[in-house]
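Based on these hints, arrange chains B and C on the given structure of chain A.
Residue-level listing of the chains:
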Amino acid sequence: MWTLPPTDSVLHVLSFIAVAAQSMTAALAAGKRSMDWAGVCMLGAITALGGGTIRDVLLGHYPLVWVAHPIYLVIAGVAALVTIALARLVVRLNLAFLVLDAIGLVVFTMAGCDVAWQVGVPVAIVIVSGMITGCAGGVLRDILCNEVPLLFRSELYASVSVVTGLFYAAALRLQLNDTLWAVLLTFVLGLTFRLLAIRYKWEMPKFVFSGEER
Amino acid sequence: MWTLPPTDSVLHVLSFIAVAAQSMTAALAAGKRSMDWAGVCMLGAITALGGGTIRDVLLGHYPLVWVAHPIYLVIAGVAALVTIALARLVVRLNLAFLVLDAIGLVVFTMAGCDVAWQVGVPVAIVIVSGMITGCAGGVLRDILCNEVPLLFRSELYASVSVVTGLFYAAALRLQLNDTLWAVLLTFVLGLTFRLLAIRYKWEMPKFVFSGEER
Amino acid sequence: MWTLPPTDSVLHVLSFIAVAAQSMTAALAAGKRSMDWAGVCMLGAITALGGGTIRDVLLGHYPLVWVAHPIYLVIAGVAALVTIALARLVVRLNLAFLVLDAIGLVVFTMAGCDVAWQVGVPVAIVIVSGMITGCAGGVLRDILCNEVPLLFRSELYASVSVVTGLFYAAALRLQLNDTLWAVLLTFVLGLTFRLLAIRYKWEMPKFVFSGEER
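These protein sequence lines map, in sequence, to chains A, B and C. Per full-length UniProt numbering, the very first residue in the first sequence carries number 1; after that it's consecutive. Per full-length UniProt numbering, the very first residue in the second sequence carries number 1; after that it's consecutive. Per full-length UniProt numbering, the very first residue in the third sequence carries number 1; after that it's consecutive.
If we strip away everything but chain A, and leave its shape as in the complex, we get (with noise of 0.2 Å):
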């Protein structure tokens, strides 16, 4: 959908990529609800596919991804499936999942900054836009698990996000010669700031509250 000519390809594989970490995660979610296994799949695809899709119809971006590459669908069902197959080895291999999820994450927030500075909205916007595909595919995944998301109370993540388009933003804005330096430097940054976020618990100050609000 966003065609970056020389980075097209690296971004293209690490996109198949996320999309299946996010949909193996989202799997084991389902599992713990003891869902069948189409609601794994779906489960799955709702999620990998989500962020995405919130964005384009947002922005009015038609055809969604998704519709256009059905390619996109399947590898959420499989990776859901295989998920089924070796939850105990997906568990065991804990680290390199959150390593996977946060390649995601930046990967999937440079894909909406790039989407929303082809339809050409303000900059805001196009941070807003990244931070939306990266972030709300894991919020539909907990409301369809009946939870407050996770998103809203865990470590940096939606900062993670933000961080990452702003970065990308200021790159592609400056012209770094050229996008693949703007595209490679954004992705090291985002994922260091990730894995560090994961591995120091950095949070966010929370908002606890317990007034006799109606």
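It is worth saying that the hints were derived from the structure and are not from the lab. There could be a bad hint or two in this list.
Below, a sample of chain A positions facing chain B; criterion: calculated Cβ distance under 7 Å [stated by the list, open to error]:
(1) ARG33
(2) SER34
(3) VAL57
(4) VAL67
(5) PRO70
Computed spacing ranges between beta-carbons, pair by pair [as the list claims (entries may be wrong)]:
(6) ILE17/B - LEU185/A: 57 to 65 Å
(7) ALA68/A - ARG173/B: 16 to 24 Å
(8) GLU203/B - VAL99/A: 53 to 61 Å
(9) LEU95/C - VAL10/B: 55 to 63 Å
(10) SER154/A - LEU185/C: 43 to 51 Å
(11) ARG92/C - LEU89/A: 25 to 33 Å
(12) LYS32/C - TRP202/A: 35 to 43 Å
(13) LYS32/A - LYS201/C: 34 to 42 Å
(14) GLY60/C - TRP202/B: 33 to 41 Å
(15) TYR200/B - VAL208/C: 32 to 40 Å
(16) ARG92/B - HIS12/A: 43 to 51 Å
In this text the structure is predicted, and so the values were computed from the model without any measurement. By construction, the Cβ of each residue, glycine as well, lies at the ideal position given by its N, Cα and C atoms.
The following block gives chains B and C in isolation, referenced to the frame of chain A:
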């Protein structure tokens, strides 16, 4: 919205019945949560029309059916209100409602396939479009009732929709002399499949997992 | 987005107030669930802008208001952050907030009717569009806080929106000399109705049902 010349009128009447049936089951769910009358109407309308709405938004297919034909909103709202008055009767007619709901599932699925077909998307998306139209309304109902969607956990429902869609797409492709036959055959097949699934409690295998996933 | 020449500026200012008020009440709800600061901002923005967003997506009315004018996002975010700092004060000003929220309901309803009117849909949909704009943000808030939407259970809220919309549509139809009067009359009527509903705890009758529905 979708116009199959000879079968239009049949599908039209069936779709009214389907909207009413889905609104009535949603109204019962609303009653279990002590919603007020306005809430019952809204939940009924969202459940009955939500699947088609999500499909149209995802495909960029405007105007939405109920925006162009508000009669669907009226039917859903009236059906919900009637349920308030006749709740005991509705429950006693449980079997009739399961049949009506199954009719709704099959009719909505075919309607969803038709719309996607007209928009001109890959055949995989035609099937997905049918499934979303048939199933997403119930997912919205369960989210608004604060429950993990039944769709992800109970007897074959999404699967019936997928099989119905596959058969329908195949029948239309083969141009079974005229479309009327494709519609009727699909209708009988889908309905039979769903009713058998209810009768014999056919379920997908479940993915039960209790790992220490984050 | 909507442009009523003489009244535009008044509705504009009121809509800023409405966005801020709805974001602040959402922030308090976020605080009760110990969300972090980013979560508070996101919940505030989603609540304050969600109604208009859902309306625009359903009507296919692009670009969305906050995409074209990111100032709305800024107001919602800042209002949410201010609430974190001033939570105790905000609660003590509970009454003021109920009034601000009521202003928001009425202003959003009128704005929603205006947009639908411009898009050119049946009059029934104009009313529904007003109701969605006024009420859907709060439904999103409750879903994200993992609760059955208050809208479906508490004092007159959606009903106030419908009555406001009906009166507004009637006044515009009758071309009450100029639109300014239609806006002002509707504003006073809607606000009075909502405040009376809060004061005297006017509620819809509830549908309580405990049958063995599946």
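Cross-check of the supplied hints:
Because the smallest distance between the Cβ of ARG33/A and any Cβ of chain B comes to about 6 Å, under 7 Å, the interface hint for this residue holds. For SER34/A, the suggested interface contact is upheld, since its CB lies about 5 Å from the closest CB of chain B, less than 7 Å. The closest approach between the C-beta of VAL57/A and any C-beta of chain B is roughly 6 Å, which is under the 7 Å cut-off, so the hint is satisfied. Contact between VAL67/A and chain B, as hinted, is supported at the beta carbon level, the nearest pair being about 5 Å apart and thus within 7 Å.
Taken as an interface hint, PRO70/A checks out: its beta carbon lies about 4 Å from the nearest beta carbon of chain B, inside 7 Å. In this structure the supplied range 57 to 65 Å holds for ILE17/B paired with LEU185/A, their Cβ-Cβ distance being about 59 Å. For ALA68/A and ARG173/B, the hinted distance range of 16 to 24 Å is satisfied, since their beta carbons lie about 21 Å from each other. Taken as a hint, the range 53 to 61 Å is violated for the pair GLU203/B and VAL99/A, whose Cβ atoms sit roughly 36 Å apart.
A C-beta distance of roughly 57 Å is found between LEU95/C and VAL10/B, which places it inside the suggested range of 55 to 63 Å. For SER154/A and LEU185/C, the Cβ-Cβ distance of about 49 Å falls inside the hinted range of 43 to 51 Å, so the restraint holds. Checking the proposed 25 to 33 Å range against ARG92/C and LEU89/A shows it is violated: the Cβ atoms sit about 55 Å from each other. As the Cβ distance of LYS32/C to TRP202/A is approximately 24 Å, the hint placing it in 35 to 43 Å is violated.
The hint said 34 to 42 Å for the Cβ distance between LYS32/A and LYS201/C, and at roughly 41 Å that hint holds. Checked against the given bound of 33 to 41 Å, the beta carbons of GLY60/C and TRP202/B, roughly 39 Å apart, stay inside it. At about 34 Å, the beta-carbon gap between TYR200/B and VAL208/C stays in the expected band of 32 to 40 Å. About 57 Å separates the C-beta atoms of ARG92/B and HIS12/A, a value inconsistent with the hinted range of 43 to 51 Å.
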